[in-house]
Structure formats: C-alpha cells, structure tokens
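K.L.:
Required output: the full structure, derived from the provided sequences and hints.
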Amino acid sequence: HAMYGSQNADRVVPAFERMSGVLPWDGLRRELLLLAPRAELFLALRGEFARSLAVFSVAGYVLGIGDRHLDNYLVDTQSGEIVPIDFGMAFGMGTALLPVPEMLPLRLTPQFTNLLKPLDSLGLLKHHARVSLEALKRNADTLVATMDVFLQDPIVDWVESCASKRPDDEDEDDEDDEDGAAGGMGGAESGKRGAQARRGSKGGGANAKAVWEPTRRIRNARRKLRGSNPMDLLLDDLNANVFVQKFGTYKALEGILRGQKGGNSSPARLRQPRLQEPKLSTADQVECLIDIATDPNILARQWVGLQTWV
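Following this note's numbering, the residues of the sequence shown are numbered contiguously, the last one being 310.
Think of the hints as simulated: they come from the structure by calculation, not from any bench.
Because the structure is a prediction, the values reported are computed rather than measured.
Wrong hints could be hidden among the right ones.
[Unchecked claim] Have a look at the derived ranges for each label pair, beta carbon to beta carbon:
#	residue 1	residue 2	range
1	Pro278	Ala145	20 to 28 Å
2	Pro37	Pro273	23 to 31 Å
3	Pro118	Pro37	18 to 26 Å
[Stated by the list, open to error] 25 Å max Cα-Cα, derived DSS-like pairs, lysine-lysine:
#	residue 1	residue 2
4	Lys126	Lys261
5	Lys279	Lys251
6	Lys126	Lys137
7	Lys279	Lys261
8	Lys126	Lys251
9	Lys279	Lys137
10	Lys261	Lys251
Positions of the beta carbon are idealized from the N, C-alpha and C atoms, including for glycine.
P.N.:
Here it is as structure tokens:
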C-alpha cells in the first residue's frame, strides 16, 4: 500500500510500458488469425470478439464483477465471442474486500485493444458499450427488482465481510433512493427497502451490519444505472475496504483514480472536466469507464495475478 503514495505516475507508467513491451503486441491477434483461413473470416471473428467484450464489460460493470484475470476468459473458436466464467467476485467485492483492491471496472488490457488495430479500437468498443448500457438502463426496473433478492437474502461472503464494518452512513445517498421511486416500481421498492434497512441498522450490532453492507452494494448497482460517475462508485467501495482504512491509503488511491499525468500523456478524465461530474450521460459513462480501464497508471497498480500488462 505504501506504493500508492510513494510512486507517482511519472515512474509507474514507463515501468508498465516496459512490462507490456516484453510480449509481442499482437499475441492475441495472431491466435485469432490461426482460426481464420480467410481474411473475411478473421474480420468476422474480430467483430464478434469486440461486440461480446463490450457487452460483457458493461454488464460486468453494473454487477461489479471482478477478478478478471485471463483464466476467467474463454474464447469461442467458432464465433470469436468472449465467454466469461467465474463470477464469485460480484457487486464490487474485488474493490471493497481484497488486500490489493481492484480499481479496474472492466478488463481492457493491451492485448485486447491491440487485437482491433488498425481500426479505432476504443471507438468501436465505445459504440457497442454505449448501446449495451442504454439497453440495461431501459430495463433498470427488472434488473433492480432482481438484485433486490440480495437484500432479502445476502450471500455468506457479504455477511462475513460486515464483521469489520459499521453502518455509519445510514442517511447517505438518500437522493439515490428517491431516484428509485422515479425509476419505476422495481426501483421504488428496492429504494424503499434500502432506506428501511439503513434506518433499521441504527440499533447497531451484527444484524445491523449484515443489513447495511448488502444495502450499500445494491445501492451502488442502482446508481450505475442512473448515470453516477464510475470514479465515485469505485471510491465508495475503496472507502469500505478495511485494508485501505488500515494503511490510510484512501487519499492516494483517490488521486490515482481521478487521474494523474504520467510520461507523455494524461488520461482523458484529466483533459475533459465533464468526466469528473457526479452525473454523466451514457456516452460519458462509457468514456470514463474505458479511460480508467486503459490507464497505465492504474493497470500497473493491480494485483500481479491479473496480469494487466497482457
């Protein structure tokens, strides 16, 4: 954790670029080429890869799916589609629980983006991701009602993680619960139950803690569907991480996530002030997500097992 504050982007970014340069830039691209006997088939495989990666990335972001190391991605050799597996780290658990907190809302590492060259790889992914996120927002009531199950019957990992937390923000984000009422019956019911859960937690004790943590996690999933800034939601999970609290690294992590100039470039969220706003359009949400996921200053600071340089 000391590295978060002691190593700035000017040192971290060049080191990450050297690590990425050890591998052939087109390793994944070559593998896909071997599956395609003709050029048009390669283009079809690549198109399906891009579309499925964008769709899963957006769905995974809304559900807070983490632990996206390479063993958790399969590729359909017939269609080129991404087949994600292992969803044990969900609803922001990778950020809120792990000793080395995950700061990537989705996986978009160099081999993935290099596969799409010479096209505007990020532009292509942004289009598919924007369409996917808009579709999820249109069906937010159904999604929220489904996620509400986790409030009524929290999974064991959530209850156990509450042992070291306390419900100290019962009144936080009431605006989001009220927004739920405007979003339809699913959002209204979930928002109402979330508010009741926080009021009920004022009595303290283990039961209060067990109610509070699922409420916070489902609340953040709802906020994603309402256009909240991805940085704010990641910071909320980081603030709940007991290791971040123990080592006092929240401020350093916030600076990294908000964006730092490193090397000869700076992230888009530094150059475009609108990406720092608390509420974003769908297009800006996607741009912010991709900017975070491709920021070498963030990629270099993840758990080594994620192999973010690949």
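K.L.:
The structure should be examined with respect to each hint, and the outcome stated for every one.
P.N.:
Here is how each hint holds up against the structure:
Our hint of 20 to 28 Å for Pro278 and Ala145 holds, since their Cβ atoms are close to 25 Å apart. Look at Pro37 against Pro273: about 49 Å separates their beta carbons, and that is not inside 23 to 31 Å. Taking the beta carbon of each, Pro118 and Pro37 are about 21 Å apart, inside 18 to 26 Å as hinted. The hinted pair formed by Lys126 and Lys261 meets the criterion: a straight-line CA distance of about 23 Å does not exceed 25 Å.
A C-alpha spacing of about 22 Å is found between Lys279 and Lys251, which places the hinted pair at or below 25 Å, so the restraint holds. Only pairs whose Cα atoms come within 25 Å are accepted, and Lys126 paired with Lys137 is accepted, the gap being roughly 16 Å. Restraint check for Lys279 and Lys261: satisfied, since their Cα atoms lie roughly 24 Å apart, inside the 25 Å limit. Between Lys126 and Lys251 the CA atoms are separated by roughly 30 Å; this puts the pair beyond 25 Å, and the hint is violated.
In summary, the hint linking Lys279 to Lys137 is supported, as the alpha carbons are separated by about 14 Å, within the 25 Å threshold. For the suggested pair Lys261 and Lys251, the alpha carbons sit about 17 Å apart, so the restraint of at most 25 Å is met.
The structure does not agree with the numbered hints 2 and 8 stated previously, though it agrees with the rest.
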